[in-house]
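Engineer: So you can see what is in the structure, the chains are spelled out below.
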Amino acid sequence: EAGVAQSPRYKIIEKRQSVAFWCNPISGHATLYWYQQILGQGPKLLIQFQNNGVVDDSQLPKDRFSAERLKGVDSTLKIQPAKLEDSAVYLCASSFSRTSTPGEQFFGPGTRLTVL
Amino acid sequence: DAKTTQPNSMESNEEEPVHLPCNHSTISGTDYIHWYRQLPSQGPEYVIHGLTSNVNNRMASLAIAEDRKSSTLILHRATLRDAAVYYCILRDVDFGNEKLTFGTGTRLTIIP
Numbered sequence: 002e003a004g005v006a007q008s009p010r011y012k013i014i015e016k017r018q019s020v021a022f023w024c025n026p027i028s029g030h031a032t033l034y035w036y037q038q039i040l041g042q043g044p045k046l047l048i049q050f051q052n053n054g055v056v057d058d059s060q061l062p063k064d065r066f067s068a069e070r071l072k073g074v075d076s077t078l079k080i081q082p083a084k085l086e087d088s089a090v091y092l093c094a095s096s097f098s099r100t101s102t103p104g105e106q107f108f109g110p111g112t113r114l115t116v117l
Numbered sequence: 008d009a010k011t012t013q014p015n016s017m018e019s020n021e022e023e024p025v026h027l028p029c030n031h032s033t034i035s036g037t038d039y040i041h042w043y044r045q046l047p048s049q050g051p052e053y054v055i056h057g058l059t060s061n062v063n064n065r066m067a068s069l070a071i072a073e074d075r076k077s078s079t080l081i082l083h084r085a086t087l088r089d090a091a092v093y094y095c096i097l098r099d100v101d102f103g104n105e106k107l108t109f110g111t112g113t114r115l116t117i118i119p
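Heads up: the sequence lines are chains E and P, in that order.
Heads up: take any position in the first sequence, counting from 1, add 1, and you land on this note's numbering.
Heads up: take any position in the second sequence, counting from 1, add 7, and you land on this note's numbering.
Since the hints were derived computationally from the structure, they do not count as laboratory data.
A virtual CB, placed ideally from N, CA and C, is assigned to each residue, including glycine.
Keep in mind that a hint or two might mislead.
Listed below are the simulated SDA-like cross-link pairs for lysine to any residue, each with C-alpha atoms no more than 20 Å apart in a straight line [said to hold, decoys possible]: (1) P:106 to E:11; (2) E:45 to P:49; (3) P:10 to E:104; (4) E:45 to P:81; (5) E:12 to P:10.
Far from chain P by the CB rule (all over 12 Å, computed), these chain E residues [what the hints assert, rightly or not]: (6) 45; (7) 69; (8) 107; (9) 113.
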């Protein structure tokens, strides 16, 4: 079974530029998550989708971050414009459904973003 | 969200058992205890979870205190590949949406 795919793996941009990350979850997984992991910290949930609907985006900085999952499969996360403090690893995860199995999420390898 | 407390770092010798502690004194009756680990340059991976009883799987064992205010992840025979950051998480089901709130975890170093 293929895992969660993410691209690109690395991205370097200058502040005020835009960037987009792509995630393809495990086939059949209804729930998709985007996390931000700053160096030395644990992952922080940015947004959670159930199929193509948002169920939690309480920690997403909506003035600059946006995410979509139009067909309920793959997803993109965008930052526009980027700030220095956005330098982090962006992790995508998926799970089968919201509550079917207690909390097993499958993570991708992440995209490491550096903002100069 | 319920919180967990873990030591920042631990060391263990290769091929010896490792006991990783976690305190969660504010745990509620319906919170599951989850452990994930993150190997260098990888995303986190699920290790084990439990509610009240001790649990075993191919990766590890989870010992849960009777009052559920603490738990211990046990790696029975550590290998170099077990060097990672281990996160103890209380699974929060908020309005039907399961959430994992990661802390800073315990960085486990395995000494050859």
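Engineer: Each hint: holds or not?
Structural biologist: Hint check:
Restraint check: the Cα-Cα separation between residue 106 of chain P and residue 11 of chain E comes to about 27 Å, which exceeds 20 Å; the hinted pair is violated. Our distance criterion of 20 Å between C-alpha atoms is met by residue 45 of chain E and residue 49 of chain P, whose separation comes to about 15 Å. A threshold of 20 Å between alpha carbons decides the hint, and for residue 10 of chain P with residue 104 of chain E the separation of about 16 Å falls inside it, so the pair holds. Taking the CA atoms of residue 45 of chain E and residue 81 of chain P, the gap is about 26 Å. The hint is violated against a cut of 20 Å.
Between residue 12 of chain E and residue 10 of chain P, the direct Cα distance comes to roughly 33 Å. Violation of the 20 Å bound is thereby established for this hinted pair. A beta-carbon of chain P is positioned within 12 Å of the beta-carbon of residue 45 of chain E; the least distance is around 7 Å. Against chain P, the non-interface label of residue 69 of chain E holds: every CB pair exceeds 12 Å, the least being about 18 Å. For residue 107 of chain E, the non-interface assignment is contradicted: its Cβ lies about 8 Å from the closest Cβ of chain P, within the 12 Å cut-off.
The beta carbon of residue 113 of chain E sits about 9 Å from the closest Cβ of chain P, which is not more than 12 Å, so the claim that it is off the interface is violated.
Hints 1, 4, 5, 6, 8 and 9 from the earlier list are contradicted by this structure; the remaining hints agree with it.
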